[in-house]
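K.L.:
Take a look at the letters that make up each chain.
2 protein chains.
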Amino acid sequence: MTQNDPRLTPLIAALPSTMPFNCPDDVERALGRPFAARIGANECGFGPSPKALEAISKAAPEIWKYGDGDCHDLRMALAAHHDIAPEHIMIGEGIDGLLGQLVRLTVNEGTPVVTSRGSYPTFDYHVKGYGGVLHEVPYTGDHEDPERLIAKARSTGARLIYISNPNNPMGNWHDADVIARMISEVPEGALLILDEAYSDFAPASATLPIVPDDPRVIRMRTFSKAYGLAGQRVGYAIGAVPIISAFDRIRNQFGVNMLGQVAALAALHDRDWYTNILQWTSEARVRIASIAEANGLRPLTSATNFVTIDCGADGELSKRIVAELGKHAIFIRMPFQPPQNRCIRVSTGNAEALDAFEAALPAALERARKS
Amino acid sequence: MTQNDPRLTPLIAALPSTMPFNCPDDVERALGRPFAARIGANECGFGPSPKALEAISKAAPEIWKYGDGDCHDLRMALAAHHDIAPEHIMIGEGIDGLLGQLVRLTVNEGTPVVTSRGSYPTFDYHVKGYGGVLHEVPYTGDHEDPERLIAKARSTGARLIYISNPNNPMGNWHDADVIARMISEVPEGALLILDEAYSDFAPASATLPIVPDDPRVIRMRTFSKAYGLAGQRVGYAIGAVPIISAFDRIRNQFGVNMLGQVAALAALHDRDWYTNILQWTSEARVRIASIAEANGLRPLTSATNFVTIDCGADGELSKRIVAELGKHAIFIRMPFQPPQNRCIRVSTGNAEALDAFEAALPAALERARKS
Numbered sequence: 587m588t589q590n591d592p593r594l595t596p597l598i599a600a601l602p603s604t605m606p607f608n609c610p611d612d613v614e615r616a617l618g619r620p621f622a623a624r625i626g627a628n629e630c631g632f633g634p635s636p637k638a639l640e641a642i643s644k645a646a647p648e649i650w651k652y653g654d655g656d657c658h659d660l661r662m663a664l665a666a667h668h669d670i671a672p673e674h675i676m677i678g679e680g681i682d683g684l685l686g687q688l689v690r691l692t693v694n695e696g697t698p699v700v701t702s703r704g705s706y707p708t709f710d711y712h713v714k715g716y717g718g719v720l721h722e723v724p725y726t727g728d729h730e731d732p733e734r735l736i737a738k739a740r741s742t743g744a745r746l747i748y749i750s751n752p753n754n755p756m757g758n759w760h761d762a763d764v765i766a767r768m769i770s771e772v773p774e775g776a777l778l779i780l781d782e783a784y785s786d787f788a789p790a791s792a793t794l795p796i797v798p799d800d801p802r803v804i805r806m807r808t809f810s811k812a813y814g815l816a817g818q819r820v821g822y823a824i825g826a827v828p829i830i831s832a833f834d835r836i837r838n839q840f841g842v843n844m845l846g847q848v849a850a851l852a853a854l855h856d857r858d859w860y861t862n863i864l865q866w867t868s869e870a871r872v873r874i875a876s877i878a879e880a881n882g883l884r885p886l887t888s889a890t891n892f893v894t895i896d897c898g899a900d901g902e903l904s905k906r907i908v909a910e911l912g913k914h915a916i917f918i919r920m921p922f923q924p925p926q927n928r929c930i931r932v933s934t935g936n937a938e939a940l941d942a943f944e945a946a947l948p949a950a951l952e953r954a955r956k957s
Numbered sequence: 587m588t589q590n591d592p593r594l595t596p597l598i599a600a601l602p603s604t605m606p607f608n609c610p611d612d613v614e615r616a617l618g619r620p621f622a623a624r625i626g627a628n629e630c631g632f633g634p635s636p637k638a639l640e641a642i643s644k645a646a647p648e649i650w651k652y653g654d655g656d657c658h659d660l661r662m663a664l665a666a667h668h669d670i671a672p673e674h675i676m677i678g679e680g681i682d683g684l685l686g687q688l689v690r691l692t693v694n695e696g697t698p699v700v701t702s703r704g705s706y707p708t709f710d711y712h713v714k715g716y717g718g719v720l721h722e723v724p725y726t727g728d729h730e731d732p733e734r735l736i737a738k739a740r741s742t743g744a745r746l747i748y749i750s751n752p753n754n755p756m757g758n759w760h761d762a763d764v765i766a767r768m769i770s771e772v773p774e775g776a777l778l779i780l781d782e783a784y785s786d787f788a789p790a791s792a793t794l795p796i797v798p799d800d801p802r803v804i805r806m807r808t809f810s811k812a813y814g815l816a817g818q819r820v821g822y823a824i825g826a827v828p829i830i831s832a833f834d835r836i837r838n839q840f841g842v843n844m845l846g847q848v849a850a851l852a853a854l855h856d857r858d859w860y861t862n863i864l865q866w867t868s869e870a871r872v873r874i875a876s877i878a879e880a881n882g883l884r885p886l887t888s889a890t891n892f893v894t895i896d897c898g899a900d901g902e903l904s905k906r907i908v909a910e911l912g913k914h915a916i917f918i919r920m921p922f923q924p925p926q927n928r929c930i931r932v933s934t935g936n937a938e939a940l941d942a943f944e945a946a947l948p949a950a951l952e953r954a955r956k957s
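For the protein sequence lines, the chains are A and B, in the order given. Here the first sequence is numbered in the numbering used here, starting from 587 and rising by one per residue. Here the second sequence is numbered in the numbering used here, starting from 587 and rising by one per residue.
Just chain A, same shape as in the assembly (with noise of 0.2 Å):
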């Protein structure tokens, strides 16, 4: 343990330096050789758009420049994509630099903060770097839920409460209609924060409409899923204009670099693609499933890019799956809190990635019960 440096202020003093997850460079540099199947961290395994590889190369050259600060050109074209005003989106270093803002935006030492235990531990990394007090309510039948959220923020009197749609690490999603009265059931003085990256996944069901001036919701989207950007630290939030303005007195102005300026731009008018990765994302969902099913394991229904597997015993028998598939170069993760650790997480990737899953999983397992 490093001695704390006197001059950092109290709250900084007393965080822990734990990072949210662990890295998968690290993991993969610890193993010694490279991954046989990189399907831990919900990244798209089919890779980027050609037309995003493409603008990259052009684009390259004139990397000596900053970024464009207001992401001009990005912006207009979601501002077109989702038919709302640019005023409506700021976009930022991925989702999770926009919640460090948006933490920073509305927390301070003692404001209380609503999520679930065992969602996103990026979102309660920045609540606990910023003072905030987490005030965490357990999912029901493995979903995030609504109700208690919502009660929850009202007995606490929460500035920010935290959802996502469809969820992460379960897979699972709500309808739309489910969200929409989560919204209208907002209190007075909180803020709900709508995590949507997986939200290119999910069934027409589940898909809000957007209503650009409703200052109770905050909606974050990302490159990093199904445009397969994740390397490039592209995301955007959606909200009404005070909330998504006050993002420019604090973030940094030339922060979002080029050649992710450039790709996300390509990559979203790259609709070709983009529909291939849904269609490739639910084949190897159906795939997954079908390997945990050989496997005697239950797989839950996903509206993501993984598949959740139930494998019907505690978060000790999930670590040491993860352990030994990890032996085979299979890297995955699992949900943290029980009960959810009760399930692994698997992520879509391409044949190669689940063959080596598939030919892994059956001694993984084997040596999992056994020690």
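Fair warning: there could be bad hints in the mix.
Stated by the list, open to error - Pulled from the structure, derived: some chain B residues nowhere near chain A, Cβ distances all over 10 Å:
1) H658
2) D710
3) H914
4) A945
To be verified - Restricting the straight-line Cα-Cα distance to at most 20 Å, the calculated cross-link-like pairs of lysine to any residue (SDA-like) are:
5) B:K956 with B:A946
6) B:K905 with B:L886
7) A:K644 with B:L639
8) B:K644 with A:G633
9) A:K644 with A:D856
10) B:K644 with A:P602
11) A:K637 with B:P647
12) A:K644 with B:A645
13) A:K637 with B:S643
14) B:K637 with B:A946
15) A:K644 with B:E640
16) B:K637 with A:P647
17) A:K644 with B:H855
To be verified - Where chain A lies over chain B, by a calculated footprint (3+ residues, C-beta under 8 Å):
18) 601-608
19) 615-628
20) 644-650
21) 674-682
22) 749-755
23) 814-820
24) 832-839
Bear in mind the hints are in silico, worked out from the structure with no lab data behind them. Please read all numbers here as calculations on a predicted model, not as lab measurements. Glycine included, C-beta positions come from ideal geometry on N, C-alpha and C.
Knowing the structure of chain A, use the given hints to seat chain B on it.
P.N.:
Chain B alone, transformed into the frame defined by chain A:
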């Protein structure tokens, strides 16, 4: 003026929406045609290393993966490059990103911070953004003044002291022994930020050896200037372990984009291109100075990739020169505080850019003086 969202913290609600800089791409859009010379943001107009472009091209198909959350390979290479342990290095989203994080680590509402009036506005933006109280001292003879800064830090009990060496926007520098003396005088409880964004261009006499365990100073370096990667957003801090490790409590785990990491690594290893950039920059400085002199203006000696030019009057004349050059599609900037704003600031660039500057300057000067 947009109405404040009622859920903003009082600190945020009181902040202006003013970004540190005008954005070059905004200026270009307003102009309605491409710049003839983009020589205002101290970018590297000679372009990035061809090896960096090769590295981007090779890594681009992998951008569906998150970048390495530990920036391991780049950090190890920087450690070897500087001959220090990797624990003394924190890589971030440009110096801008690192400055924001450092302020967050150390500044609460009301924390006193010392800087020079008219130095780096993005630092001021971050300090105000976290509620710090900026105490500014004037430049002395166009230099940031170490003695005044230290004296002000003592009298205010400052937590942070900012100095750049070489200096932006004036282009001059202090020799290493002056900075070493300043470090030795940093008051107990304060941390000196030594912004070395331009140190690659400085004379050997300005090169301060790295003493990695010195807790009194944190040094900031970037790939945006001499390495020609401004659009990629990669910078790093060098400091004692207790302050460097503290960044891990708050930074975005996967915040440094993948292509930025691989491009920076390749650029760092391409010493030939780096040497070329220094040579071309030096030649361009000579040429900018001679253009200035041919127009009756006084170029200041520069240890950076720009030349600051004394126009012999006040900020109003400088503003008009910047505006008139803008009409010729020449993008430059100027210092924003008196008396430094008697100057304009011209970044080094390739021959085509300087040709355009040279051609436009006489008429721009004439009109600026008449209006």
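K.L.:
Each hint needs a verdict: does it hold in this structure or not?
P.N.:
These are the hints, each one checked on the structure:
1. H658: 6 Å, violated
2. D710: Its Cβ never comes within 10 Å of chain A, the nearest being 13 Å, so this holds.
3. H914: Answer for B:H914: holds, closest chain A Cβ roughly 19 Å.
4. A945: 22 Å, holds
5. B:K956 with B:A946: 16 Å, holds
6. B:K905 with B:L886: The hint holds at about 18 Å.
7. A:K644 with B:L639: With Cα atoms ~11 Å apart, A:K644 and B:L639 stay inside 20 Å; holds.
8. B:K644 with A:G633: Holds. B:K644 to A:G633 sits at ~14 Å (cutoff 20 Å).
9. A:K644 with A:D856: 16 Å, holds
10. B:K644 with A:P602: 37 Å, violated
11. A:K637 with B:P647: Answer holds: A:K637 to B:P647 is near 11 Å, not above 20 Å.
12. A:K644 with B:A645: 15 Å, holds
13. A:K637 with B:S643: Since the Cα atoms of A:K637 and B:S643 sit roughly 14 Å apart, the hinted pair holds (cutoff 20 Å).
14. B:K637 with B:A946: 34 Å, violated
15. A:K644 with B:E640: 13 Å, holds
16. B:K637 with A:P647: Holds, because 11 Å separates the two Cα atoms, which is no more than 20 Å.
17. A:K644 with B:H855: Between A:K644 and B:H855 the Cα gap is close to 23 Å, so the pair fails against 20 Å, i.e. violated.
18. 601-608: It holds: at least three residues are needed, and the stretch 601-608 of chain B offers 6 whose Cβ sits within less than 8 Å of chain A.
19. 615-628: holds (count 3)
20. 644-650: Since 5 is at least three, the answer is holds.
21. 674-682: Check passed, 3 qualifying residues.
22. 749-755: Per the Cβ count (0), the hint is violated.
23. 814-820: holds (count 6)
24. 832-839: holds (count 6)
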